[in-house]
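Its first residue numbered 15, the sequence shown is counted upward by one per residue in this note's numbering.
Among these hints, one or two may not hold up.
[Claimed, not checked] Pairwise CB distance ranges, derived in the manner of DEER restraints: (1) W24 <-> E164: 27 to 33 Å; (2) G102 <-> G179: 20 to 26 Å; (3) E278 <-> L31: 55 to 61 Å; (4) Q62 <-> G134: 27 to 33 Å; (5) A143 <-> R97: 26 to 32 Å; (6) Q91 <-> L199: 43 to 49 Å.
The set of hints was computed from the structure by calculation and includes no laboratory data.
Since we're looking at a predicted model, the values are computed, not measured.
By construction, the Cβ of each residue, glycine as well, lies at the ideal position given by its N, Cα and C atoms.
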Amino acid sequence: MKLSFAQKLWIPLIVALLCLAGTLFFGSVKIKENQLTLRERELMHVSQLALNVVKTQAALADKGLISQEEAQQRALQTIKDLRYGETGYFTILNNQAQVIMHPINAALIGKGPDISDANGVYIFRDMVAVTKNDNAGFTQYIFPRPGETEPQPKVAYSIPWTPWGWIITTGLYVDDIQQAFMSSLYQNMIEFVVISLVLSILVYSINRSTLKTLGGEPRYAAEVVSRIASGDLSQAVNKKANDNESLVHEMGVMREQLTSVIAEIRASRKSLTLAPMRSSPETRRLLNIPSSRPCRWKKRRPAWKRLPLP
Numbered sequence: 015m016k017l018s019f020a021q022k023l024w025i026p027l028i029v030a031l032l033c034l035a036g037t038l039f040f041g042s043v044k045i046k047e048n049q050l051t052l053r054e055r056e057l058m059h060v061s062q063l064a065l066n067v068v069k070t071q072a073a074l075a076d077k078g079l080i081s082q083e084e085a086q087q088r089a090l091q092t093i094k095d096l097r098y099g100e101t102g103y104f105t106i107l108n109n110q111a112q113v114i115m116h117p118i119n120a121a122l123i124g125k126g127p128d129i130s131d132a133n134g135v136y137i138f139r140d141m142v143a144v145t146k147n148d149n150a151g152f153t154q155y156i157f158p159r160p161g162e163t164e165p166q167p168k169v170a171y172s173i174p175w176t177p178w179g180w181i182i183t184t185g186l187y188v189d190d191i192q193q194a195f196m197s198s199l200y201q202n203m204i205e206f207v208v209i210s211l212v213l214s215i216l217v218y219s220i221n222r223s224t225l226k227t228l229g230g231e232p233r234y235a236a237e238v239v240s241r242i243a244s245g246d247l248s249q250a251v252n253k254k255a256n257d258n259e260s261l262v263h264e265m266g267v268m269r270e271q272l273t274s275v276i277a278e279i280r281a282s283r284k285s286l287t288l289a290p291m292r293s294s295p296e297t298r299r300l301l302n303i304p305s306s307r308p309c310r311w312k313k314r315r316p317a318w319k320r321l322p323l324p
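Start from the sequences, fold in the hints, and give me the full structure.
Right under this line is the structure:
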C-alpha cells in the first residue's frame, strides 16, 4: 500500500508520540518502584531496632543475669511500646504463625494461621514462609489502618530470631504510593495530550503548506515533469480550483506554453513550404521548382524534314 505525502509526514509524529507515551508511563512506574524500594529499606532499618532489643535481652539471659522467660517478657514489652513514623509498630509471632504480641489488636494474640485478608492471602503464614532457613523477607497484603475498616495495601518485613523461635514483623501502608502513582499518570496524560495537540497542529500546518506549495502529491508532480521531459504534452495537468501559484500550476502553464509554441512552429513550417509555390517564375526557376502551369510540348518534325536542302 502506497502512502500519500501527508501520511508519510504523520508517521514520524505517531512514532514520536508513542515513544513519549511509553517514556512517561514507564517513568511513573519507575518512580513507584523507587518509592517502594525506599519504603522497604526503611522497614529493614527499623526492624533492626526491634531485633537489637531481643538480642540485648537474650544476651542477658545467656549470661545468667535474668531468666529466659524474663528476658522474653522484657523484650515483648519494649517492642510493644516501639513506634516509628505515623503508624509504624511491630508484631511478634512464632514459627507456627501464631501471634505472640500485637500492640494494636490484642484479639489477634494466639491466632494467626487462618487469618487472611480480603483477597484471601494468609498474612502470617506468608511471614513464616519467607523466614524459613533463617532468612528475612517481604510480604504484601491488605489490612485496615488503625481506627479504620477499609483495608489498604501494606508491605511487611519479617526477620526471625531463631533461638527463641520468634519472628519480628513490621509493615507500612503503601496506598499513598499508589495514589502518587495514579496522580503522576494523570499529570503525564494531560501533558501528553497537550504535547500531542501542539505537535499535531504543527504537522497539519506543515502538510497543508507543503501540499499547497506543490499543488498536489509530489509523486504526481514528478509524473508531470517526466511526461513533459519525454515530449508528451497530450495529457492535461490536473490542477486544483483557485490554484494559481503552486508548482503543479506552473507546470501546467509551461505545458500550455510549450504546446502553443510547438503549434506556432508547425504553422510557420507549413507556411515556409507553401510560400515558394506562390512566388514569381524567376524565383521558382532559381529554386528549381517546376511551373504550376501545364507544359505545352512542341511537335517534333520528322527526321527527313530536318535534312538540309541541296
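Now the hints, each set against the structure:
Range check, W24 to E164: Cβ separation about 47 Å, and the 27 to 33 Å hint is violated. Evaluation of the 20 to 26 Å hint for G102 and G179 yields a pass: the beta carbon distance comes to about 24 Å. The beta-carbon spacing between E278 and L31, approximately 56 Å, falls within the hinted interval of 55 to 61 Å. The supplied range of 27 to 33 Å is met by Q62 and G134, whose beta-carbon atoms lie about 32 Å from each other.
Checking the proposed 26 to 32 Å range against A143 and R97 shows it holds: the Cβ atoms sit about 27 Å from each other. Checked against the hint of 43 to 49 Å, the pair Q91 and L199 passes, with Cβ atoms roughly 45 Å apart.
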